[in-house]
Amino acid sequence: MLFLTEKLLWGRKVLKNLYNGYLNILEWIDERVGITDITRSQLTEYKVPANLNYWHSLGGLAIFIFVLQVATGIFLLMHYVPEADKAFESVKKLTEEVPYGWLYRRIHAIGASGMVFIVILHMISVLFYGSYKRPRELNWVSGFILLNLVLMVSLTGYLLPWSQLSYWATTIATNVPGAIPYIGDEIVTFIRGSQDVGQVTLNRFFALHVTAIPLILGLFIAVHIFLLRRTGISEPKWKENKKGDK
Amino acid sequence: MPYKKDHNYKKSMPFFPDFVLKDSIVITAYLIVFFVLVFFFPNFLTEESGKIPADPFSTPEHIKPEWYFLAAYQELKVLPSEMLGLALQIIFVTVLALIPFIDRNDKVGFRDRPVFSSILILGLIMILVLTVWGKYS
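In order, the protein sequences belong to chains A and B.
FYI, the numbering used here numbers position 132 of the first sequence as 132, with every residue one higher than the one before it.
FYI, the numbering used here numbers position 74 of the second sequence as 74, with every residue one higher than the one before it.
Chain B on its own, in the form it takes in the complex (with noise of 0.2 angstroms):
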């Protein structure tokens, strides 16, 4: 197989048993916090129209797409124009795509490199007020 076997690092621990250990830690947790919402709030994600059949002629008054799309969805409808919005979701994404490719930058610790850092919690402030915009808008 075309594995390197030594990744040489400082301390290393074997993947089984100590990882998958806590692996199955975060999975349990995960479950336990799913299976809850799964039994106990199963409405909390959809709306009222979800339980009326699909009528193409009667739209809606409130419609929202699902939550990872309402900060897109409201950044075009807050930009003054459609295709200015949809412009600054494609180069958005494009620069996410790419982003070993443009920050090239051998520093990986937060604090050492501090305009990467400030621009991504900027970034995900952004996207959280216009999350959190769009679901109450």
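With the rest of the complex left out, here is chain A (with noise of 0.2 angstroms):
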């Protein structure tokens, strides 16, 4: 019995310590970085409307989908060959050989469209309450830009596994500016790289995909959390005694 109280008095001395030692750790980042104030200011003293719905949570649920698209994405990278003649082969190894490849690959194309359709469900939500009026002009139009940019890295992408699909629904994509009065053909050729679609325009729309859009999103998303920040979000105007509204 003595034993055990001793094995137990030594155990709670090395948890004590670890969790001294833990503190210290937690002091020292602190006096450097102000992780304390910076938690408090942005999570738990960071106060929104009391009455939000789950509607208002689709943005938040939108950067997630970025999140994850970015990290499978990461992952085909290191697989996928961007030539004409390479591409669709490097693209079914990928599903039939490389471990898990079936799935990356799953969740980035049907997550492609699970956030171009998330954004969407985002939009017509600010739309209906109202949220885009002053002084949130420009949380607006960053949004709107944001939706452009997915789309955008949503066709750059469909291209990149070079079968029929992608090739002939690029091909009609690209051929929508040719009907513009006499600069058309040129604007279609400007986009393509060449006059038809094919090896130029696969490496640009990979350089693209995988570079440029993914980057200029992730800024305007910041330009957008910033915008959210300083203006607040918007508080919903529920009639008094409604659901919502505690």
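Hints were generated in silico from the structure; no laboratory data involved.
Treat the hints with caution; some may be incorrect.
Each computed DMTMM-like pair below joins lysine to aspartate or glutamate, with the alpha-carbon atoms no more than 25 angstroms apart [what the hints assert, rightly or not]:
hint: 1; chain 1: B; residue 1: 11; chain 2: A; residue 2: 137
hint: 2; chain 1: A; residue 1: 47; chain 2: B; residue 2: 106
hint: 3; chain 1: B; residue 1: 64; chain 2: A; residue 2: 89
hint: 4; chain 1: B; residue 1: 135; chain 2: B; residue 2: 82
hint: 5; chain 1: A; residue 1: 16; chain 2: A; residue 2: 31
hint: 6; chain 1: A; residue 1: 92; chain 2: B; residue 2: 48
hint: 7; chain 1: A; residue 1: 133; chain 2: B; residue 2: 103
Chain A is faced by these chain B residues, among others (derived, beta-carbon under 8 angstroms) [stated by the list, open to error]:
hint: 8; residue: 15
hint: 9; residue: 66
hint: 10; residue: 70
hint: 11; residue: 80
hint: 12; residue: 101
We treat Cβ as the ideally placed atom computed from N, Cα and C, and that holds for glycine.
Put the two chains together into one complex, using the hints given.
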């Protein structure tokens, strides 16, 4: 019995020392980074309206999906070959031979549609709640730019598997500016880099899809969140004693 | 930091844990639906032509853009000239981008601004009809 008590006392001492060590490390970081202040002002003391509902979480969900897309995209990039005669084979190999390659690919492909869907729902809810009104005009404009970037990243990514579907869907989509009088054909060639969709188109779409657009997307997400923090989430005006207004 | 500390809400709650909890419920619900699709219906968005390597010399018979471009695609097909269709699309997108500067009314309630609300509902129905039409035409 005495032996057990001694062991317990010893264990308590170790735990206490570990905890003190942990506190010391935290204090050391806090002195240099100010982590306590940041978590306080950005998390527990950052107040949002009490009557927000689930529609107000769609923006956060969109950012979550963006992170998921970037993470799976990095794994796909490890195996993808951006050359017209090798792209399809590399995607096939990724799906059939690379461990969990099929899973990354499916998450990335279906997640892309999910992201567009959630971003559109987010926009519709903002329209219904009138949250874009003064002083939140720039929140709307930055969100509109984000929607366009999401559509652009989807369009460029759709070509990369280099299947019949992706090739001809991209041909149709890049054909649209051709309807502009006089300069239409020039614009189509400018987008594709050649008369028809081909190796040059694949090169530029690949480069845009994996670098420029995600980077700008990330920057605009930061702008969007900054504006949101600056102006605050708009307080929904529910009727008294309705659901959501507790 | 240039953040305002107080936004003068009638009733407020802390972002963490209250709102983060709400967010995580929505994210969980999304992930459940998402992974059901990923594991059991992985091909519901693609077609057979997605399994054939690209061939610039053979145009497939049925080719359609992704679902979110279907409305625009169908609109271009239905209108008499592509130029008119494209012009309408450019106007639509410009109006959408500038909505906060066009709709300057202070009222935010859905029933307090019947003109905007009815235009919004009609627009959504129109886009939905065009999408379904484009899917099955």
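Hint by hint, work out which the structure violates, then give me just those numbers in ascending order.
Hints 10 and 11 contradicted; others consistent.
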